[in-house]
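Chains as they are written, first to last, in our numbering: chain U, 1 to 771; chain Z, 1 to 293.
Because the hints were derived from the structure by calculation, they are not lab data. Keep in mind the model is a prediction, meaning the values are calculated, not measured. Hints are not guaranteed to be accurate.
Claimed, not checked - Simulated crosslink set (PhoX-like; lysine-lysine; CA at most 25 Å straight-line):
no., chain 1, residue 1, chain 2, residue 2
1, U, LYS638, Z, LYS257
2, U, LYS761, Z, LYS257
3, U, LYS421, U, LYS445
4, U, LYS214, U, LYS175
5, Z, LYS242, U, LYS638
6, U, LYS580, U, LYS516
7, Z, LYS257, U, LYS686
8, U, LYS767, Z, LYS242
9, U, LYS431, U, LYS22
Unchecked claim - According to the in silico footprint, chain U covers these stretches of chain Z (three or more CB under 8 Å from chain U):
no., stretch
10, 187-198
11, 252-258
Glycine included, C-beta positions come from ideal geometry on N, C-alpha and C.
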Amino acid sequence: MARNPDADNAPVKKEIESPTSKYDAEKASSFKVVGSRPARPDGMDKVTGRARFGADMVMPGQLVGLILRSPHPHAVIKSIDSSEAEALSGVKAVVTRDDFAPNDDHADVLYNIMAREKALYEGHAVAAVAATSRPVARKALKLIKIDYDILPHVTDVDEAMSPNAPVLHDDIITKGVNPAPTKPSNVVARSEFGHGDIDAGFAQADEIIERSFKTAATHQGYIEPHACVANVGADGMSELWCCTQGHFHVRQVCASLLGIDVSRLRVTASEIGGGFGGKTTVFIEPVALALSRKAGRPVKIAMTRDEVFKASGPTASSSMNVKIGVTKDGRITAGYGEFRYQGGAFAGAPADFGAMSAFACYALDNVKTEAYDVVTNRPKGAAYRAPGAPMSVYAVESVVDELAARIGMDPIDLRLKNAAKEGARSSYGPKFGSCGLVETLEAAKAHPHYSASLGPNQGRGIASGFWFNFGGETCSNLNINADGTVTIAVGTPDIGGSRASMCIMAAEELGIPYDKVRAIVADTSALGYNDTTEGSRVTFSSGMAVIKASQQAVTEMCKRAAMMWDIPAEAVTWEDGCAKPSGPNAGDFEPLSLAEIAATAGKTGGPIAGHHEYNADGAGVSFGTHIVDTEVDPETGKVDIIRYTVIQDAGKAIHPDYVEGQFQGGAAQGIGWALNEEYIYGDDGKLQNAGFLDYRMPVASDLPMIDTVIVEVPNPGHPYGVRGVGETGIVPPLAAIANGVSAAAGVRMTELPMSPPRVLKAIDDAKVAAE
Amino acid sequence: MRYESPQTVEAAAALLAGEEGLARVLAGGTDLLVQMRSGMVEPDLIVDVKNIPSMTSIVEENGGYRIGAAVPSAEMNEHKGLCALWPGVMEGADLIGSTQVQGRATMIGNLCNCGPAADSVPGMVAANAIATIVGPNGRRDVPVIDIPVAPGKSTLTKGELVESVFLPARPKRAGDAYLRFIPRTEMDIAVVGVGVSLELDGDGVCTHARVGLGAVAIKVLLVEDAAKALIGTKVDDAALEKVAAATSAACKPIDDKRGTIEFRTKVAGVLATRAAKIALERANARASNGGEK
Ligand SMILES: Cc1cc2nc3c(=O)[nH]c(=O)nc-3n(C[C@H](O)[C@H](O)[C@H](O)COP(=O)(O)OP(=O)(O)OC[C@H]3O[C@@H](n4cnc5c(N)ncnc54)[C@H](O)[C@@H]3O)c2cc1C
Chain U
1 MARNPDADNA
11 PVKKEIESPT
21 SKYDAEKASS
31 FKVVGSRPAR
41 PDGMDKVTGR
51 ARFGADMVMP
61 GQLVGLILRS
71 PHPHAVIKSI
81 DSSEAEALSG
91 VKAVVTRDDF
101 APNDDHADVL
111 YNIMAREKAL
121 YEGHAVAAVA
131 ATSRPVARKA
141 LKLIKIDYDI
151 LPHVTDVDEA
161 MSPNAPVLHD
171 DIITKGVNPA
181 PTKPSNVVAR
191 SEFGHGDIDA
201 GFAQADEIIE
211 RSFKTAATHQ
221 GYIEPHACVA
231 NVGADGMSEL
241 WCCTQGHFHV
251 RQVCASLLGI
261 DVSRLRVTAS
271 EIGGGFGGKT
281 TVFIEPVALA
291 LSRKAGRPVK
301 IAMTRDEVFK
311 ASGPTASSSM
321 NVKIGVTKDG
331 RITAGYGEFR
341 YQGGAFAGAP
351 ADFGAMSAFA
361 CYALDNVKTE
371 AYDVVTNRPK
381 GAAYRAPGAP
391 MSVYAVESVV
401 DELAARIGMD
411 PIDLRLKNAA
421 KEGARSSYGP
431 KFGSCGLVET
441 LEAAKAHPHY
451 SASLGPNQGR
461 GIASGFWFNF
471 GGETCSNLNI
481 NADGTVTIAV
491 GTPDIGGSRA
501 SMCIMAAEEL
511 GIPYDKVRAI
521 VADTSALGYN
531 DTTEGSRVTF
541 SSGMAVIKAS
551 QQAVTEMCKR
561 AAMMWDIPAE
571 AVTWEDGCAK
581 PSGPNAGDFE
591 PLSLAEIAAT
601 AGKTGGPIAG
611 HHEYNADGAG
621 VSFGTHIVDT
631 EVDPETGKVD
641 IIRYTVIQDA
651 GKAIHPDYVE
661 GQFQGGAAQG
671 IGWALNEEYI
681 YGDDGKLQNA
691 GFLDYRMPVA
701 SDLPMIDTVI
711 VEVPNPGHPY
721 GVRGVGETGI
731 VPPLAAIANG
741 VSAAAGVRMT
751 ELPMSPPRVL
761 KAIDDAKVAA
771 E
Chain Z
1 MRYESPQTVE
11 AAAALLAGEE
21 GLARVLAGGT
31 DLLVQMRSGM
41 VEPDLIVDVK
51 NIPSMTSIVE
61 ENGGYRIGAA
71 VPSAEMNEHK
81 GLCALWPGVM
91 EGADLIGSTQ
101 VQGRATMIGN
111 LCNCGPAADS
121 VPGMVAANAI
131 ATIVGPNGRR
141 DVPVIDIPVA
151 PGKSTLTKGE
161 LVESVFLPAR
171 PKRAGDAYLR
181 FIPRTEMDIA
191 VVGVGVSLEL
201 DGDGVCTHAR
211 VGLGAVAIKV
221 LLVEDAAKAL
231 IGTKVDDAAL
241 EKVAAATSAA
251 CKPIDDKRGT
261 IEFRTKVAGV
271 LATRAAKIAL
281 ERANARASNG
291 GEK
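Same shape as in the complex, but just chain U (with noise of 0.2 Å):
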């Protein structure tokens, strides 16, 4: 499931999942290329430089852009008097809130990119220049007279849902509650999923625990900082190249806050050094191309490391509380959280994606959520890898390891006796099709590790994760090449080993070489529309257009090859890269290779291509499981991890490597929420730690070498058996490490991250309180 971050913010919920495709068991079982390790197409270019990111554009008589932030977290922009800056010899322009006319389609994107009536945030952008040199910019800034009249401010989510907190909006009324509101208020929305009779659950129960959880916001940590070149034409016509997930997206929310045609705008997506959910939406794409616009020239702008922290779009941090009941054989008969996530200054944090996913886990009677969408003087959140289930997932697999301890059953075969399986109503509402929950779990409780001894000090955590997956609006082409090469066109950018991926599907579909083939994101004036990269989506829903698109070619073939022997065309077969006569009734001709049939296109009727476009449904659930060993200093709370093994299910892995590194990264990114990455407000609502030295993101030496498994139960609404795997591998790393240090330090941790000095004073306190 993917939400697009700029639009709508009810999750789809469907009772029947209708798959646009079947899974193929025989070809499934005789794949030649699919399951290989082929180097990736896009590898040498990044490790020798050639690869061009964001930053990397220079377009003739290009100028600076540099952005004018809020220095207070909450504020009324009485006026700005840009006078001055614009005065300066060497600016080329300057744009604030009056360049850009009101936008009812996206009208939070357009508060966000540059305030209007307030600054939500610190941050927050004001203004904008254009200028000859990065100084002359600079020194622009430094020129703009800004009036604020400052408000109170509020950055955490309990506080801003309490009656008295400062209001940031005066058209938020509660969604969701009966009866609405009559005041506005910082609650968005509350919402509800579940099934059954809780307090009949919990009254069969012969244990409930119940417990209050916190988590930090943290962000995606994205090495390359956003950046874009915008060049609009003194007829309009424009072109943008930025790093981005999702160009189509960029395009179309561009052209309406710019108000021009979709036609005029061509949007080209750089390589991407890493999104992970951050790079869904715009911050500075709209900024670059009004400051162009109005310059006359290119535009571009890059963001400083300070200014990604500050104001792109990091994860909400939450409060949450979570209740769950079991009988002493290990049947949980009740299971209730509530989940108040913040999203900061405007609608859309992931409170409602968190309490459907936060018991996906389990096949239960009685469930119940509730979620709340919470806004704060913090910047806008963006998705980060499976958006809000981390958090709610902590939460619920806390309390499930300690209820495992409490009625004396191992944690794995707590979970097996519940899992969700095919045909289970889910704790989100739909029921579920084939998935691999048990499978992983079964795996994990015969993995050597989860029977490896500990030392002094050490502690083994394991815990459970699902992500829904998404499918979504896909397009692409593929062109069979004179020399018998094949190019394809795909319209999501790679974020994780994709064009790999892709040549790997086409190369099994046409029965060629995996090095015949090679993969490129087209321009958004190239292809139809495509979704973002987002939703684990990409090799799912890119790779089926593909797979299809390989067909509709390999029709075509045959159909040149029966034109070439002068029989009908359903007298051909194609088989391992050939055409080939269908039987001894069709006739007796030598097989015509790809390159044959692609040598002589010219005489056969013209080039040979195929495409394929829809929109991809039946993406299937990924269901994951971790363990993890970790080792607390008593004396100092430090936390080492010492081994960690991800087991999850692919259904179809197409490359490896790729599958692996995506269980790998997702981990890594959990060891970093779970221990010490968290934005830190000061009691001045501004950000302390905006920088790689205070915002600790483990580092390679933080790291041991993370194990994965690779499940597969194919999913049945692909022809593969493909299911999303990038977002999984983040949701159960928190629960798994706290569960891990909790076991260590002989005391339950219960807010993240488990930064020293709070699982020491943790340590010290359960110390007094025994004594």
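Here the structure of chain U is known, so what remains is to put chain Z with the ligand in place on it, guided by the hints.
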């Protein structure tokens, strides 16, 4: 902005003294260039000291070593004699940043930047390292502890720069160690840093000790009470407990994004005992090695 690269320390001092605007010495540049890029400092003159022979060499002197102020950490840590004589000072410098950063970063840059969390400074303070300063009025020797005043502020006056730092000779049974606490394993800034230097007599009784403490006050501190707790003991558990208490008591930390007052105070004591134990082991190992470098 002007860039100069003089050949002598006197010429460097003259350039610094003659500049009317803001002048800065450039050693490794791993602090200075970062600060310039972020707009924190905008110097009018930069004096690169990496072409001055007396500032780029390591010379043996009276059984100790004189280290040029522009010698990078990586070069010191490849020097066998230095590493054998003052392993604690060297490990402090070896913790700065990463391998790449250490190819440039100097101890004196670390010192003159005056950050309270500078990793090489507590070790130098414990070693009672002496800096030689050159300025318009000639040369003077100053203990390292007396150079930093507060973040970004030192006792160096206009036109002065540090030419070298001297680490003295040691008796046979002597050892030092530096430990820092960071939440990660590298590329981080010390939440607490402790350097301990010990000398013991033939019976294993501590005759001399110094403890340097970083990141818990406005500047690096010399903890005399912790040293007193060690002197006259065999560095046993009872002494170590007192070292921890004295070190914690010396802390004047702040609550910030890097750690709470409570945390820093406690961990300072923990690190002091751990560093003292390592220094003791090293002293004993060195003695059994015949005091070899
Ligand atoms: C990625 C990274 C990681 C880092 N990690 C650490 C770390 O783990 N621990 C740590 O302590 N520091 C760390 N630092 C900071 C820095 O590397 C150290 O402080 C380093 O020792 C500075 O030495 P330098 O030679 O590069 O100093 P420079 O940047 O050249 O100079 C620093 C300051 O000292 C002045 N100065 C230099 N030499 C003299 C002199 N001879 N006389 C008078 N003034 C002088 C300069 O004018 C400047 O103000 C890190 C820096 C980076 C960029």
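A quick look at each hint next to the structure:
| no. | hint | verdict |
| --- | --- | --- |
| 1 | U:LYS638 with Z:LYS257 | holds, 16 Å |
| 2 | U:LYS761 with Z:LYS257 | holds, 16 Å |
| 3 | U:LYS421 with U:LYS445 | holds, 18 Å |
| 4 | U:LYS214 with U:LYS175 | holds, 24 Å |
| 5 | Z:LYS242 with U:LYS638 | holds, 23 Å |
| 6 | U:LYS580 with U:LYS516 | holds, 21 Å |
| 7 | Z:LYS257 with U:LYS686 | holds, 12 Å |
| 8 | U:LYS767 with Z:LYS242 | holds, 22 Å |
| 9 | U:LYS431 with U:LYS22 | holds, 18 Å |
| 10 | 187-198 | holds (count 4) |
| 11 | 252-258 | holds (count 3) |
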